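Residue-level listing of the chains:
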Amino acid sequence: MKEIKLLTRRVGTYEPPDLKGYEAQGGLVALKKALAMGPESVIDEIKRAGLVGRGGAGFPTGPKWAMVAGEKQGQKYLICNAEEGEVGTFKDKVLLDGDPWLVLEGILIGAFAVGAEKTYIYINGEYDQTIELWDRLVVEARKAGLLGDDILGSKLSVDLQVVKSKGLYITGEELALISSLEMRRAASRLKPPYPTEKGLFGRPTVVNNVETLANVPVILAEGVEAYRRLGVEGEPGTRLFSLSGDVKKSGVYELEIGSGTLAEFIEEFGGGTAGGRPIKAVQPGGGTSRFLAGDSLKCKLTARAILQAGSGIGTAGVIVYEEGKSAVDIVKGLIEFYGFESCGRCAPCRIGVVRIKEIIDKVFGGEGTDEDLEQLRQIGKACVAVSTCGMGQAFPLPVLSALELFPQDFEAAIEKVSA
Amino acid sequence: MKTFDMQTYQNLIKDVGGLTVENLFVFLCKVQETFGCVPNEVVRDVAMKTGFSEARIYGALTSYREFKVGRECGD
Ligand SMILES: Cc1cc2nc3c(=O)[nH]c(=O)nc-3n(C[C@H](O)[C@H](O)[C@H](O)COP(=O)(O)O)c2cc1C
Numbered sequence: 001m002k003e004i005k006l007l008t009r010r011v012g013t014y015e016p017p018d019l020k021g022y023e024a025q026g027g028l029v030a031l032k033k034a035l036a037m038g039p040e041s042v043i044d045e046i047k048r049a050g051l052v053g054r055g056g057a058g059f060p061t062g063p064k065w066a067m068v069a070g071e072k073q074g075q076k077y078l079i080c081n082a083e084e085g086e087v088g089t090f091k092d093k094v095l096l097d098g099d100p101w102l103v104l105e106g107i108l109i110g111a112f113a114v115g116a117e118k119t120y121i122y123i124n125g126e127y128d129q130t131i132e133l134w135d136r137l138v139v140e141a142r143k144a145g146l147l148g149d150d151i152l153g154s155k156l157s158v159d160l161q162v163v164k165s166k167g168l169y170i171t172g173e174e175l176a177l178i179s180s181l182e183m184r185r186a187a188s189r190l191k192p193p194y195p196t197e198k199g200l201f202g203r204p205t206v207v208n209n210v211e212t213l214a215n216v217p218v219i220l221a222e223g224v225e226a227y228r229r230l231g232v233e234g235e236p237g238t239r240l241f242s243l244s245g246d247v248k249k250s251g252v253y254e255l256e257i258g259s260g261t262l263a264e265f266i267e268e269f270g271g272g273t274a275g276g277r278p279i280k281a282v283q284p285g286g287g288t289s290r291f292l293a294g295d296s297l298k299c300k301l302t303a304r305a306i307l308q309a310g311s312g313i314g315t316a317g318v319i320v321y322e323e324g325k326s327a328v329d330i331v332k333g334l335i336e337f338y339g340f341e342s343c344g345r346c347a348p349c350r351i352g353v354v355r356i357k358e359i360i361d362k363v364f365g366g367e368g369t370d371e372d373l374e375q376l377r378q379i380g381k382a383c384v385a386v387s388t389c390g391m392g393q394a395f396p397l398p399v400l401s402a403l404e405l406f407p408q409d410f411e412a413a414i415e416k417v418s419a
Numbered sequence: 420m421k422t423f424d425m426q427t428y429q430n431l432i433k434d435v436g437g438l439t440v441e442n443l444f445v446f447l448c449k450v451q452e453t454f455g456c457v458p459n460e461v462v463r464d465v466a467m468k469t470g471f472s473e474a475r476i477y478g479a480l481t482s483y484r485e486f487k488v489g490r491e492c493g494d
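Residue numbers (my numbering), protein chains in the order written: chain B, 1 to 419; chain V, 420 to 494.
Note that these hints are calculated values from the structure, not bench results.
Given the structure is predicted, the values throughout are model-derived calculations rather than measurements.
We treat Cβ as the ideally placed atom computed from N, Cα and C, and that holds for glycine.
Be aware that one or more of the hints could be misleading.
As the list claims (entries may be wrong) - Here are some chain B residues pointing at chain V (derived, C-beta under 8 Å):
#1 Lys118
#2 Gln161
#3 Val163
#4 Lys166
#5 Gly167
#6 Leu168
#7 Ser180
#8 Arg184
#9 Arg185
#10 Ala186
#11 Leu190
#12 Ala226
#13 Leu230
As the list claims (entries may be wrong) - With a Cα cut of at most 30 Å, we get these calculated DSSO-like pairs of lysine-lysine:
#14 B:Lys298 x B:Lys5
#15 B:Lys166 x V:Lys433
#16 B:Lys166 x V:Lys449
#17 V:Lys487 x B:Lys155
#18 B:Lys166 x V:Lys421
#19 B:Lys93 x V:Lys487
#20 B:Lys325 x B:Lys248
#21 B:Lys298 x B:Lys166
#22 V:Lys487 x B:Lys357
#23 B:Lys93 x B:Lys72
#24 B:Lys198 x V:Lys421
#25 B:Lys93 x V:Lys449
#26 B:Lys166 x V:Lys468
#27 V:Lys449 x B:Lys332
#28 V:Lys449 x V:Lys433
#29 V:Lys433 x V:Lys421
#30 B:Lys143 x V:Lys449
#31 V:Lys433 x B:Lys143
#32 V:Lys468 x B:Lys198
Unchecked claim - FRET-style restraints, in silico, Cβ to Cβ:
#33 B:Val29 x V:Arg463: 48 to 54 Å
#34 B:Lys191 x V:Gly470: 23 to 29 Å
#35 V:Glu473 x B:Asp150: 35 to 41 Å
#36 V:Arg475 x B:Leu152: 49 to 55 Å
#37 B:Val354 x V:Gly489: 24 to 30 Å
#38 V:Glu485 x B:Lys191: 25 to 31 Å
#39 B:Arg350 x V:Asp434: 36 to 42 Å
Generate coordinates for the entire structure from the input sequences, incorporating the hints supplied.
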C-alpha cells in the first residue's frame with residue numbers, strides 16, 4: 001500500500017494564504033476551465049467522474065448539484081461543511097490548513113455550477129488557527145478578484161462568509177447547520193424537503209463536505225478519464241483516511257480507494273497497535289460506525305467492501321482498539337461524547353441517548369443485569385429506526401454491534417456483581 | 420475580551436457590511452467573541468434591524484453552549 005497525493009499534493013509546499021504558491025502548481029486552472037465550459041458541462045463532468053460525498057452519507061455530488069441548478073429563479077446557496085465533528089475524524093483540517101485555495105476553488109466552481117451567489121464555510125469552532133487563516137484567505141481572495149463581482153473577468157459573482165461553529169456536534173448535520181445560519185435552534189428537522197429543494201432561508205442549497213469540494217478542481221484539471229483510472233468500479237478516486245486510537249502512529253493518509261485492506265492499512269501506516277497487542281475491534285467510519293473484528297478486518301478499503309463486512313465507511317475515520325480493554329469500556333467512552341450532543345428535537349434520540357448512557361454506566365459500574373442488556377438492544381434499535389436525523393439513527397450502532405460482537409464482555413461486567 | 424460599548428458594537432456592524440438576515444448569525448458570533456456575551460441591548464437592536472422576533476433570537480442563542488445571554492451577561 002502506498003500513499004497517493006491527489007488532493008493533498010500541495011499540502012506543505014506553500015505557505016497559505018499565499019496565492020502565488022498555489023497558482024504556480026496548477027491552481028485556478030480548473031476554475032478557468034469551468035468558466036469557459038459553462039455550468040451545465042461542469043455538472044456533467046462531475047456526474048461522469050462519479051464523485052460521491054465525503055461527509056458521511058455518500059450522496060452523489062453531480063446529481064445533488066443538478067437539483068439545485070435546476071431552480072432558475074432567485075437566490076441559491078452553497079455551504080461548505082467544515083464542522084468535522086465526528087469522533088476520530090480530522091482529515092478536512094489537513095486540506096483547510098494545507099491547501100485552502102483548493103477548497104476555495106472547489107467552492108467557487110460549485111457556486112458557478114449551481115448558480116449560488118452566496119456561499120458559507122462553516123468551520124469547527126475548535127479549529128482556531130484554521131478560522132484565522134480563512135479570514136485572511138477571504139481578504140486575499142477579494143484582492144485577487146476571486147471573490148466579489150466579475151470573478152476572473154467573468155460575469156460570476158460569489159461572496160463567501162466564514163462561520164465559526166459554536167461547538168455542537170449536531171451542527172455538522174446539514175439541516176441543523178442550515179437552521180443555525182437561519183437564526184434558529186441548532187436542531188435537525190424532518191427530510192424531505194431536502195436542502196436541495198428548501199434549504200437555507202427556504203431556498204435551494206448545496207451542502208458539501210470539504211473533501212468533496214476539494215475533489216472538484218482536481219477532476220476538472222486532470223480530466224474525468226484520468227480521475228476515473230484511480231479507485232475501483234463505482235468508487236473512483238482517492239479518500240483521506242484519518243487513523244487514530246490504539247496505533248503507534250496516528251495521522252491522515254490519502255489512499256487510492258480499494259488499494260489495500262483495513263488490516264494492512266493499520267499495520268503499514270499505523271505501525272501496528274500501540275501496545276503491540278492484537279487488534280480487538282476497529283471502527284472504520286468514525287465514532288458512529290459499527291465495529292469490525294477478526295476476519296472482517298481483511299475487507300478492502302472501499303465503501304462497498306466495508307458495508308459487506310458489516311460496517312460503513314462513513315467519514316473514513318478509522319479508530320483502532322487493541323485487546324485488553326472491555327467493549328463496555330469502549331462504548332462507555334463513545335456514549336459519553338454522544339450523550340451530550342442530541343439536539344433534543346425528536347424524542348427517540350433525546351431520551352434514548354440518556355437512557356443508553358445510564359444503562360452503560362450501570363453495567364460498567366458492575367450493577368447491570370441481563371434485563372439491562374436487553375433494554376440496551378431495544379432502546380438502541382428503536383432510536384435507529386425512528387429518529388429524525390442521522391444522529392439518532394447512528395449513535396446506537398457501536399453499542400448494538402458491541403453487544404453482537406463481544407457479548408462476553410457485557411456478561412463479564414454483569415457477573416462481577418452477582419459473583 | 421471587552422465590556423460592551425456602543426462604539427465597538429457599531430464598528431462590528433460596519434465590519435460585516437451592515438446587518439442582514441443572511442449574516443445575523445455570523446454577526447452575533449462576532450458579538451459573543453468580542454464581548455464574551457450577547458447583551459439584551461444587542462438582541463433588541465438586531466431584532467429591530469432584521470425583523471426577527473427577540474424570542475426567536477433568544478431561542479436560537481440559548482441552544483448553543485457558547486452563547487451567553489441574559490443573566491450570564493449581567494443583564
Ligand atoms: C449527526 C451528523 C453529523 C454530521 N457531521 C458532519 C460533519 O461534521 N461534516 C460533514 O461534512 N458532514 C457531516 N454530516 C453529513 C451532512 O449532513 C451532509 O450529509 C454532508 O455535509 C453532505 O456533504 P457531501 O455530500 O459532500 O458528503 C453529519 C451528519 C449527521 C447526521
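Checklist entry - Broken hints, numbered, in rising order? => result 11, 12, 13, 17, 21, 23, 24, 27, 36
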